[in-house]
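> Keeping the supplied structure of chain A fixed, place chain B upon it in accordance with the hints.
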Amino acid sequence: MTKQNSDAHATSSMAVATDESLATTPELAVASRRIGRRRLIVRRFLRNRLALVGSCGILVLVLVAIIGPFFLPWAYDAVDSRAFLAPPSASHWLGTTQVGRDVLAMTVHGMSRSLIIGFLVAIMQTAISCAMGATAAYFGKWTERTIMWVIDLFQIIPSFLVIAVLMKGHSNPSNSWILMALLLAAWGWMMTARVVRSLTLSLKQREYILAARYMGLSPVKIIIRHILPNISSLLIVDLTLGVGYAILAETGLSFLGFGIMAPDTSLGTIISEGSRLASSYPWIFATPAIILVFLVMCVNAIGDGLRDALDPNSQSGGRA
Amino acid sequence: MVRYVLKRVVNYVVMLFLAVTGAFFLAASSLNARSVYAVRNPPLDPDVLNNMLYRWNLNDNTPLLERYWVWLKGVFLHWDWGYSPEGVWINDAISTKMWVSLRLLLIGTLAGILVGVLVGAWTATRQYKVSDRVFTGLALLIVCTPSFVLGIATQIVAININRLTGVSIFEFVGESGQHGSFPGAIFLDRLQHLLLPSLVLMAMGAAQLSRIQRNLMLDSLGEDYVRTARAKGLPKSKAVMRHALRTALIPTGTYVAFSVVGMVTGATYTEKVFSFPGMGAYFVDSVSRMNVHGVVAFTAFAGVSVVVGAILSDIAVALLDPRVRLG
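Sequence order for the protein chains is A and B. Quick note: the first sequence uses the numbering used here, first residue -5, plus one each step. Quick note: the second sequence uses the numbering used here, first residue 2, plus one each step.
With the rest of the complex left out, here is chain A (with noise of 0.2 angstroms):
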């Protein structure tokens, strides 16, 4: 039997029960309709005012990512030779670089960059950390052993470090970006993984695992089936955080010089042209550097958001 029927069975045979206490207890069963648990988690999300207003903040910034391009009058590597460190004017909105670049035209595109970063490297990295995790924890004895050794030399060497070495030696300016979410996500899954691996533990005593074991389900399919599933609240909220982890590792290496590369634009290689001249030219750091924390402070609102929202023992949702 596949989880799915015992599911619809169990649905159905509650369904049979609260139908029957309808028939019983009426003005009870008025008084606390059923919700179901999707419906819970939603109208708990929603009642969370800052989580609230970062959605909102996250799809106003998507959009402009998208379509902004199209209305913006100037393309982000465009070079304007009659302004160069021009202040904000009606012809340049948020003033130009020292090379003569629209900030705004620049901003927008270093934000789709760090946005599309940002959600690939989280989906990749908790991708990578449930296996590593689920794995080690499943199998135990020494593969498990293994796993947590990994985790640990992974641990200990500063991933930054890493990438930057590995950026300067290998990208070029076609292939930086992807080289970036890549190694963004291989050196960014051993704290998820920890944690998957120790709420597998427990999960791995349970019954139901047992029974799916002596049916001979194999064990990539109890992990993906009935594993996954039962922590996939915290992945979710992980996923979400991960996104700002990811597009502030992401900036901070551009910063540095060692990630996107020119002609391609990220909100670090904006910030770190704006850094030299920020005292007399404020206008090229301000900007990118007021939409980094925007964005960021948006995608923690929504992770905090949702982990109140999922966790059943969460006070601070307020009732049901």
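Honestly, the hints are just simulated from the structure, not real lab data. Ideal placement from N, C-alpha and C gives every residue a C-beta, glycine not left out. It is possible that some hints are incorrect.
Quick look at which bits of chain B chain A covers, simulated, 3 or more residues with Cβ under 8 angstroms [to be verified]: (1) 14 to 27; (2) 41 to 48; (3) 73 to 83; (4) 122 to 134; (5) 138 to 148; (6) 304 to 313.
Here are some chain B residues the structure puts well away from chain A; computed CB gaps all over 10 angstroms [what the hints assert, rightly or not]: (7) 62; (8) 70; (9) 87; (10) 225.
Relative to the frame of chain A, chain B by itself:
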């Protein structure tokens, strides 16, 4: 407890060795010292260049394993960390930088832990009051701000304060600068230069930790034993400090071990932004200039910092948690 700590130390030392070895292979295979001389005009005689690179153990024609063996012997037998592609001895280059970074890291981390724990615990006792909202909001803002943005923003504020008052209260370029001739002027000057970078590093650590500590504290404040302590007549401050905070500190101890890596990363950005001549800034320059041995030396420095932090946090956890001490 001594045995427990010793076992951890041995484990860390083995890991440190593997990490530095990994860094060597990574750096030596990714960074090519020869390319530093490729742009030189007039070009260097290939034989001369080969000899030079061979002498510094940076020649890419030598097999990687052989280079590693030479480097390993140098480190273990003579405490010789190798040469940069320009022929500068790494030991000379980092001997002062190391202490500069260590001072920054130590002050930033310790102050960050102290402020973070106190703010986290305090805001937890005042949940949903105005002070709690203000501090949690501030912490969220700092957590979401990358260290380099925080550093530059601090500089802009400092410049404006200096301009308004007409006195250079804040110094933010380098580690030391011009100073008067009164007694203690040198010390004051260094302190001035250290202030802003440490402040940035502290703020980062404290913001991160205060969020964690607040959640832990909220959990432990609701525990039965805290209510029992209050019920037997302990004043609130004592019940909170002795019973709630102590248990809430145990997970923090473990967290601090992992946070040192973050601090080293943060210190690198801070040093770069404030032109502080420390190890982090040296690492960034090393990567740009294909300085393989410089990168490896920084890895060792970062690794040792992380390991020392981890050992200290292991000891702290053992002291706080009787289950670890006795088990």
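> Taking 8 angstroms as the Cβ threshold, is the statement that the stretch 304 to 313 of chain B is covered by chain A upheld or broken by the three-residue rule?
holds (count 3)
> Okay, the stretch 41 to 48 of chain B and chain A, do three or more residues pass the C-beta test at under 8 angstroms?
violated (count 0)
> Taking 8 angstroms as the Cβ threshold, is the statement that the stretch 122 to 134 of chain B is covered by chain A upheld or broken by the three-residue rule?
violated (count 0)
> Counting residues of the stretch 138 to 148 of chain B that have a beta-carbon nearer than 8 angstroms to any beta-carbon of chain A, does the count reach 3?
Holds: 7 residues of the stretch 138 to 148 of chain B have a Cβ under 8 angstroms from chain A.
> Taking the closest pair, is the beta carbon of residue 62 of chain B still more than 10 angstroms from chain A?
With a cut-off of 10 angstroms, residue 62 of chain B remains clear of chain A, as the shortest Cβ separation is near 17 angstroms.
> With d taken as the least Cβ-Cβ distance between residue 225 of chain B and chain A, does d exceed 10 angstroms?
holds (16 angstroms)
> Within the assertion that chain A covers the stretch 73 to 83 of chain B, do at least three residues meet a Cβ-to-Cβ distance smaller than 8 angstroms?
violated (count 0)
> Count residues of the stretch 14 to 27 of chain B with a Cβ under 8 angstroms from any Cβ of chain A, then say if the count reaches three.
holds (count 7)
> Taking C-beta pairs only, is residue 87 of chain B more than 10 angstroms away from all of chain A?
holds (17 angstroms)
> Looking at residue 70 of chain B again, its CB stays over 10 angstroms from all of chain A?
holds (21 angstroms)
The structure is inconsistent with the numbered hints 2, 3, 4, although it conforms to all the rest.
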